[in-house]
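Visitor: Whole structure, please, built from the sequences with the hints as guidance.
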Amino acid sequence: MSEKQLDANYYAKLLELQQLDFALLELNLYLDTHPNDMQAVTQFNQLAQKRQQCAYHFEHQYGPLMNYGHSYSKFPWQWSEAPWPWQV
Amino acid sequence: MWVYEKKLQYPVRVSKCDPRMAKFLLEQYGGADGELAAALRYLNQRYTIPDKVVGLLNDIGTEEFAHLEMIATMIYKLTKDATVEQLEAAGLGANYAQRDHAMFYVNADGVPWTAAYIQAKGDPLADLYEDIAAEEKARATYQWLIDMTDDVDLQDGLKFLREREVVHAMRFKEAVEIIKADREAKKVF
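Which chain is which? The protein sequence lines are A and B, in order.
Residue 88 is where the first sequence ends in my numbering, and the numbering goes up by one at each step.
Residue 189 is where the second sequence ends in my numbering, and the numbering goes up by one at each step.
A few of these clues could be false.
[Stated by the list, open to error] Below, a list of computed lysine-lysine pairs in the BS3-like style, where the Cα atoms sit at most 27 angstroms apart: (1) K13/A to K6/B; (2) K159/B to K80/B; (3) K137/B to K52/B; (4) K187/B to K173/B; (5) K74/A to K6/B; (6) K13/A to K159/B; (7) K137/B to K173/B; (8) K50/A to K6/B; (9) K13/A to K50/A; (10) K13/A to K16/B; (11) K13/A to K74/A.
Keep in mind the hints are simulated off the structure, nothing from the lab.
Being a predicted model, the structure only gives us computed values, none of them experimental.
Guide: Take a look at the structure:
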């Protein structure tokens, strides 16, 4: 596998995912103490769907985001390839 | 069970090699109110806290590991290009003698992390009040760290972490109210 090219697009797409995940995490913690807020649950589910699509496109281009079968791999095995998060 | 995500919770950038700041950041890595202590404190308290707030402790505890990774990334980036002389001048000479550029769970003074930093009282309110205090103390340290550097990239990541402490404290305060309301409801019944 050739070296992954970390272009400006990589950082832009990563940021997009981080933004979606941040909104989801915030909603998650909020809902942990406000379980009856229907609007927040709706927003959570909408963003979860959007997040899934965003992650799918990111992984297709830059490799798996998650281990243990939560992401697919091309051949050869992509998971253990650098860069790791602290290296970018 | 945990599953790893190959990305940081928030982008971590630094604009220069700065082992001096790296040493101070260790307080939030292996210090009493650092991210490791926070993660282990909350995840351990989950088992005996009422069901209604287990989810919150679980999710905040998990987020703390993402913060631990952000702090580690900051320290890594601030020290990876440092020479031995630079490390020594920054007060990291002893660390270099022990482990080269490797990190360890120590506080800013180099004292190894200890479980004595955290508590589990088994009393939901006592545990949650400890958690609120820990978040407030971490917030204070993040502010001091922000004040100690002129690196705007580093400050950006630290400000994100400072704000997370504020949100966590707020959620824990809500959890206190949930527990109190639950007790009242049981009394009325």
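Visitor: Mind checking the alpha carbons of K50/A and K6/B for me, to see if they're no more than 27 angstroms apart?
Guide: 19 angstroms, holds
Visitor: Next pair to validate is K137/B with K52/B; report whether the Cα-Cα distance is within 27 angstroms.
Guide: Holds. K137/B to K52/B sits at ~25 angstroms (cutoff 27 angstroms).
Visitor: Is the Cα-Cα distance between K13/A and K50/A 27 angstroms or less?
Guide: With a Cα-Cα distance of about 13 angstroms, the restraint between K13/A and K50/A holds, given a limit of 27 angstroms.
Visitor: Is K13/A close enough to K159/B, meaning Cα to Cα at most 27 angstroms?
Guide: Cα-Cα ~22 angstroms, so holds.
Visitor: Going straight from one Cα to the other, do K137/B and K173/B come out at no more than 27 angstroms?
Guide: Status holds; Cα separation ~15 angstroms.
Visitor: So if I understand the rule, the pair passes when the alpha-carbon distance is 27 angstroms or less; does K13/A with K6/B pass?
Guide: Roughly 14 angstroms between the alpha carbons, so the hint for K13/A and K6/B holds.
Visitor: Does K13/A pair with K74/A here, judged by a C-alpha cut-off of 27 angstroms?
Guide: Given pair K13/A, K74/A holds - Cα atoms ~20 angstroms apart, limit 27 angstroms.
Visitor: Take a quick look at whether K159/B and K80/B sit within 27 angstroms of each other, Cα to Cα.
Guide: 23 angstroms, holds
Visitor: Take a quick look at whether K187/B and K173/B sit within 27 angstroms of each other, Cα to Cα.
Guide: The given pair, whose Cα atoms are some 22 angstroms apart, holds under the 27 angstroms limit.
Visitor: Given the hint that K13/A pairs with K16/B, does the C-alpha gap stay at or below 27 angstroms?
Guide: Satisfied, since the Cα-Cα distance of roughly 25 angstroms is no more than 27 angstroms.
Visitor: K74/A and K6/B: Cα distance at most 27 angstroms?
Guide: It holds: about 16 angstroms lies between the C-alpha atoms, which stays within 27 angstroms.
Violated hints are absent here; each numbered hint is respected by the structure.
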